[in-house]
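Asks: Respectively, the protein sequence lines represent chains A and B. Numbering of the first sequence is given in the working numbering, commencing with residue 1 and proceeding in unit increments. Numbering of the second sequence is given in the working numbering, commencing with residue 1001 and proceeding in unit increments.
Take every hint as true, because none was put in to throw you off.
Pairwise CB distance ranges (calculated):
1. B/K1132 with A/Y196: 35 to 41 Å
2. A/L9 with B/A1045: 42 to 48 Å
3. A/L9 with B/K1132: 38 to 44 Å
4. B/A1408 with A/G158: 52 to 58 Å
Over the 10 Å line for every Cβ pair with chain B, so calculated as not near, a few chain A residues:
5. L96
6. L123
7. N199
8. R202
9. R204
Honestly, the hints are just simulated from the structure, not real lab data. Glycine is no exception: its CB is placed at the ideal position from the N, C-alpha and C atoms.
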Amino acid sequence: VSRLLRGGLVAGVAVLLAALPIYLESFWLQTGLFAMGAVIAAIGLTLLVGVAGQLSLGHAFFVAVGAYGYSYLAGQEVPGADAPAGLGLPPVLALLGAVALAGLAGALFSPIAGRVRGIYLGLASLGLVFIGQHILQNATGITGGYEGVAVEPFRVFGFSFSNTDPDDLTILGVPYGQLERLWYLGLVLAAVAIWYGRNLVRSRPGRALAAVRDGEIAAAVMGVDVVRYRAAAFTVSSMYAGLGGVLTALAFGRIVPESFGFLLSVDYLVMIVIGGAGSVGGAAAGAVFVTALPLVLNHYSGSLPLLAEPGSGGVGASEFSRFVYGAAIVAVLLFARDGLAGLARRARRSPEVKERLA
Amino acid sequence: MSRRLFGTVAVALALAVAACGKGSDDGGGASGGDIKTGPGATKDAITLGYLPDLSGVFAPNGKSMMEGANLYWDAKNKNGGICGRQIKLSTQDTGYDPQKAVAAYQQMSGDVIGLGLVLGSSITSALLPSVKQDGMFLNFAGWTSDILPNENVAIAGTTYDIEAINAVDFLMHEKGIKEGDTIGHLYFEGDYGENALKGSKYAADKHGLKIVEQKITPAETDMTGQVSAFRRAKVKAILFSAAPPQAASLAGIAAAQKLDVPIVANGPGWTPQLLTTPAAGALAANYYVVSSMAPLGLDTDGVKKFLDAYEQKYPKGTPSSNGSLYAYAGAEIADAALTKACENKDLTRKGVLDALHSLDGLDTGGVVAGKLNFTDPAQPPSRLVYIAKVSKDAPGGLEPLGDAQTAADAEAYAF
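Whole structure, please, built from the sequences with the hints as guidance.
Replies: Now the structure itself:
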């Protein structure tokens, strides 16, 4: 029965999420899309940091590789215009190519990841973000420099995830434009990312990674190829980041280097810490929290008491959201070291424990 | 157990199917009186979107801009508004983060007639696809010619490259720089600095000058290395396209190393607060600013009106040319476009955009140099600049040298 229940719940949630574009204003759809992109990338980071135990501050770099990789592979060459070049591949191929590119970047970096540990690896990967920023600013032929580059809309079987082609798509009286259509793409990609991530953690390779995290010598004695697994973790994590980057790029419509700076790397770390490092569901929840919080607080800044109107001085919504953000991290570190995922686990377990005690 | 589950699913399905949710009422095409209105305009109000940075790296400047905007629109509303309608501002902080900006735009885009102010060119770039689709105007708080030609974007005054050409011209006519001389150019990576560099290279090419480039990022504030490089290259003058922290360091270190040459900066290279730094003396000796925004010491009606109103409303504030004064001027441009659209009886977004592009000879009372002409989206509305010298006694720390002017090179320059 409980299996049926679970299946039914998942189906119910899926139907609810699928129905949301009918109700939600474009602000919520946009926020949701950014959150979905963050969910995918954050799962990648939790696999690397939480499961495999390799600290990375370079996640934003791999997200950027995915985002710019897609825009380059799918971009159409505009004759005459000095717009950044593109290969004009079909968007599906471009998406896969961008993910592969991010994976390749991760694989290339993994020899370094194999040599340094802990905080030193964090610092080494931090370098990637700054190198990445320099390339994004200066390789104007591909990235467009500070002006950024327009992102080709996603298309599959002639259906475009943009406002046109088919034009004026209406479902249940609601016009389905770019954001509504992308919503479903985001849902599918995020669902696949969560499903794959959960299976990976529970599978043989996932357990091997956890063994490497908990003790490399012990893992090696058990027959785990430590170097290979460490490299594989970096590659898979980068591919997740790449996919998250593609979805983020599609949600933006135009990407600029500022979106992929050092702060983004920190945000991802905060997501997985709040969610509970190593938990796929926790990373997803943390990603939604960290991405949506500032946007939602900004949204309600007019109606929240005690918050000043923007531009009038005093504590405004954006300052307030920073305080909440900081307080959330401190609270999690103090009271729930295993994050949202740990809280959920305890909440689930406690009735059973009580029953058994009674 | 499973009954509850099916209940949940059934409710979810019912919700999904019974939806007649959002959409349908877009508010467009309605009419108020005999004036056509669209999103952002009703019978008694017009709403403008403002997207400044109030919590990120440009927060001080963003807050100053909102002072200028509030100053202008409050006075306008007291005098009856535009077209019998009050002007409302819908302000959202971007934190200089494109993601926040795009979300904030999605939130306000249905309710505003246009964007009264957007700070930052990367943010403007990120917003442009949507802005273009919604067909609204965007007052760009930046002066880079790379954004041109663009139907939707309005720049207040001239662009960084033209400023730099005028700076070179000023050096040659007033500061004794001649063919064969070497001048240094210290600039930011990104739109602002690189756009200015385009102008200085063009002018240098024309007059046989040699440019020594020093590119920096906004994070670098110690200019010792750059000053040494300029000294080694024996520069006769320095062009400066960075921010006030670098200006203080550059002028101070140059004075300490006895590199006594004029420094000519773009508009964003100056803030009155620089006069409170230890480099104030060095700045007063050698620092000049070329900008299409008026130095606050300028004696014209527009600037005096602004200063009076500012002192009354913000007695403790510090007015600045590219903060509060800029937003004041930007509001004036939006006002002119809206007023014209009202005369044309078309307060739709397209009507406002058309009205903006019909503006020719807009006079801001000297706040922006020259008469502004918005009819050609491929050109900045003016090519005139003010040149000013740092002075401890002038309002805003800048004493204007002559009236609005432009060099022949700048007139001939093609983007």
